[in-house]
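Colleague: Sequence:
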Amino acid sequence: MKINNLNTILAIVLFTSVLMISGFNNPQIEYFPAPLASPQLSLYANLTASGLYDTGESALNASQEIVSHVENLCVARGADKTTSHHIRTAAENLLNDRLLNGQIKVYELFFYFADQQNFAIILRGEFARQRLAGVLGAGKVVDASDKSVARFRSPLNPSELIFMQVGSDEIVICPDNISGNVTEKLAARQNILGSEFAAFAKMIRVRPAVAAEINLAALQSAAAKESVPDWFKALRHTRLIVSSQMAKMQLFIPDADERARLLRQVEGLVGGLREHAGNLVDFSAAASGNSIFIEAPAGDELERLVSSRSIAFLMHFFVRAQKNQLMVSSRDADDNRE
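Using my numbering, you'd call the opening residue of the sequence shown number 22 and step up by one each time.
Any given hint might turn out to be false.
[As the list claims (entries may be wrong)] Within a straight-line C-alpha distance of at most 25 angstroms, the following computed DMTMM-like cross-link-like pairs (lysine to aspartate or glutamate) qualify:
(1) Lys223 with Asp197
(2) Lys206 with Glu147
(3) Lys206 with Asp251
(4) Lys223 with Asp136
(5) Lys269 with Glu51
(6) Lys126 with Asp164
In case anyone wonders, no lab produced these hints; they're calculated from the structure.
Using the sequences and the hints, build the whole thing.
Modeller: This is the structure:
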């Protein structure tokens with residue numbers, strides 16, 4: 022299927038904006054959930070690094086920072102003040118009513134994307150399964166002894182069903198038509214991620230705030246040609262990691278002329294990245310070999326900052342999708358009354 026715009030993918034690339042080295046030489050990689058063999062994007066987020074699940078003032082400060090970031094994201098994407106405020110309020114309610122009261126505690130997120138029919142989201146943490154089932158609606162949930170399953174229409178494409186499986190320590194979300202394969206691989210603890218994403222497997226071993234690997238060449242081949250910016254076409258692969266020990270982003274650009282041209286553009290973006298990080302981080306960019314590296318001094322504060330903004334970034338899309346789902350449900354109710 023053609024991808025008609027790359028805004029979300031570009032946002033993921035530029036939002037986290039810090040990446041990769043070739044290191045991490047330990048060959049023994051512990052298990053992590055990876056039920057897709059050939060994704061175009063693999064993303065990991067350690068949400069505990071934000072301080073949200075700490076106690077006392079630290080957790081309060083983290084929650085306030087997150088909802089402020091959600092509102093800022095809405096404004097940056099062109100929403101008016103009223104809409105942005107409503108989404109901020111919804112995000113605040115989500116934090117207070119779901120995450121901070123023990124109903125949902127998401128510690129880790131894994132996201133794999135091949136196309137709109139092949140993706141998987143795995144949330145690890147602590148989940149009050151029966152309470153969540155009540156929120157989803159008793160008529161939509163099928164309960165087993167240790168899991169609850171629900172299906173709902175995709176907010177992006179209402180003609181397609183999304184599968185959701187909730188356990189006490191894991192939530193799985195994927196298209197319904199691949200749910201059997203996905204849940205089978207997860208139940209067997211079978212990681213089938215291809216060798217081209219070996220660097221991603223090594224990066225998440227240290228459980229950083231964020232790690233990602235993106236096969237940009239594959240994404241571009243699946244995208245409508247008119248939706249790919251010229252500067253983006255030269256990029257073939259990217260990797261990123263943000264942890265307390267390391268903060269790097271690698272852009273693989275094999276063409277020397279394109280690499281030099283893109284380096285000039287990246288250098289112009291560094292100031293914007295610094296501003297995005299609240300002027301707390303000094304980013305730099307340089308070419309090395311066939312790649313451009315964007316780096317920042319690593320540390321606990323940067324890890325906390327990126328984890329906090331990762332939560333805000335994800336909540337922003339979740340709240341907007343929830344709003345769209347309510348609109349779809351409202352239309353269904355109207356149709357049924359006719």
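Colleague: Hint by hint, where does the structure go against what was stated? Just the numbers, ascending.
Modeller: 1 and 3
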